[in-house]
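2 protein chains.
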Amino acid sequence: MHKMNSKNKTFIDKLRSSGLRPTNQRVEISKFLFNRKKTFHFTVEELKNSMNLKRSKKISTATFYNTVHALKSAGHLKEFSLENNTSYYDTNIKSHHHFFDNGKVIDIRSDKITFQKLPDAPKGKKIKNVEVVIRLENNN
Amino acid sequence: MHKMNSKNKTFIDKLRSSGLRPTNQRVEISKFLFNRKKTFHFTVEELKNSMNLKRSKKISTATFYNTVHALKSAGHLKEFSLENNTSYYDTNIKSHHHFFDNGKVIDIRSDKITFQKLPDAPKGKKIKNVEVVIRLENNN
DNA sequence: TAACTACTTTATAATTATTCTAAAGTATGT
DNA sequence: ACATACTTTAGAATAATTATAAAGTAGTTA
Numbered sequence: 148m149h150k151m152n153s154k155n156k157t158f159i160d161k162l163r164s165s166g167l168r169p170t171n172q173r174v175e176i177s178k179f180l181f182n183r184k185k186t187f188h189f190t191v192e193e194l195k196n197s198m199n200l201k202r203s204k205k206i207s208t209a210t211f212y213n214t215v216h217a218l219k220s221a222g223h224l225k226e227f228s229l230e231n232n233t234s235y236y237d238t239n240i241k242s243h244h245h246f247f248d249n250g251k252v253i254d255i256r257s258d259k260i261t262f263q264k265l266p267d268a269p270k271g272k273k274i275k276n277v278e279v280v281i282r283l284e285n286n287n
Numbered sequence: 148m149h150k151m152n153s154k155n156k157t158f159i160d161k162l163r164s165s166g167l168r169p170t171n172q173r174v175e176i177s178k179f180l181f182n183r184k185k186t187f188h189f190t191v192e193e194l195k196n197s198m199n200l201k202r203s204k205k206i207s208t209a210t211f212y213n214t215v216h217a218l219k220s221a222g223h224l225k226e227f228s229l230e231n232n233t234s235y236y237d238t239n240i241k242s243h244h245h246f247f248d249n250g251k252v253i254d255i256r257s258d259k260i261t262f263q264k265l266p267d268a269p270k271g272k273k274i275k276n277v278e279v280v281i282r283l284e285n286n287n
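Residue numbers (our numbering), protein chains in the order written: chain A, 148 to 287; chain B, 148 to 287.
No lab work stands behind these hints: they were computed from the structure. Keep in mind that a hint or two might mislead.
Here are the simulated lysine to aspartate or glutamate pairs, DMTMM-like style, with alpha carbons at most 20 angstroms apart [said to hold, decoys possible]:
hint, chain 1, residue 1, chain 2, residue 2
1, B, Lys-251, A, Asp-267
2, B, Lys-219, B, Asp-160
3, B, Lys-219, B, Glu-193
4, B, Lys-241, A, Glu-284
5, A, Lys-225, B, Glu-278
6, A, Lys-275, B, Glu-278
7, B, Lys-225, B, Glu-278
8, B, Lys-205, B, Glu-192
9, B, Lys-185, B, Glu-175
10, A, Lys-195, A, Glu-226
11, B, Lys-205, B, Glu-193
12, B, Lys-275, A, Asp-248
13, A, Lys-219, A, Asp-254
14, A, Lys-225, A, Glu-193
15, B, Lys-219, A, Glu-230
16, A, Lys-251, B, Asp-267
17, B, Lys-219, A, Glu-284
18, A, Lys-264, B, Asp-254
19, A, Lys-178, A, Glu-193
20, A, Lys-259, B, Asp-267
Chain B side only, calculated, beta carbon under 8 angstroms to chain A, not exhaustive [claimed, not checked]:
hint, residue
21, Thr-233
22, Ile-255
23, Ala-268
24, Lys-272
25, Lys-273
A quick note: this is a predicted structure, and the numbers were derived from the prediction, not measured. Each residue gets a CB set at the ideal place from its N, CA and C atoms; glycine is no exception.
Just need the whole structure built from these sequences, with the hints factored in.
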């Protein structure tokens, strides 16, 4: 029998809908990711370090990778890549845009960018989403 | 003294302007990359394999990486990343857009997309470029 | 040309992010 | 409690990339 208060519900459901039993480790990861005010970006390594720092009993690397993957496959996380061969994950899964500023990533709300002209998808294909990256540099 | 006909000039100059002496290996790489009708995308591994396949004396991995890096730093190649922890390079350095279709990348000419609304750069920053990725999926 | 210096290439080792594996642990259903 | 299936973990394996250091090559100077 599970104790399930409304506070836990959201992030535990994300595990369930990812096909993952809500074990202790997974619940803590999901809570860390989703039980907060603002969405954020992270790498698996960063996630592991920041979570394990405070823990006496560390969660293993493989569990972080497995959990993040399952959450991503179920659509609870969005993956993106910078130019450093590392996968980044975004807890904001709504389609949105980004500023890239020397490896730093800043979200741009979807409604801040609109298009005048967009190409058609090649035949047999359709557009899944459209995302814009605005690369920044220092003013001078 | 160098023999230098007009056919070689462009890609040898790209080496020179990247701070690289035009050695045999580098000239062959630069020729392979730039002496062709259409621009294309590649990974270093792909480049190495396709070039070395035809050669009896193989060019080393390190030389491919060094040369591609220098060309990229000088702005003769553009780097981008998919979600598989590999760097891709594009011989088309003009700002342009892409369709991403399950790991396949198709160029979209810059003038095919125009914006109605774009956000301002954060203060102290300015916009270097704006690039769009249109993700595709099969029609049904 | 010979000698000197600086730059290159190469094989190989090291590193980093990620995935795989297999054993030990835990949970669930009967 | 037993059996089965799912989890966690440490550590090995893999893949892309970068670093290292020795041997090779080119360019310069005398």
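Checklist entry - Failing hints, ascending? => result Violated: none.
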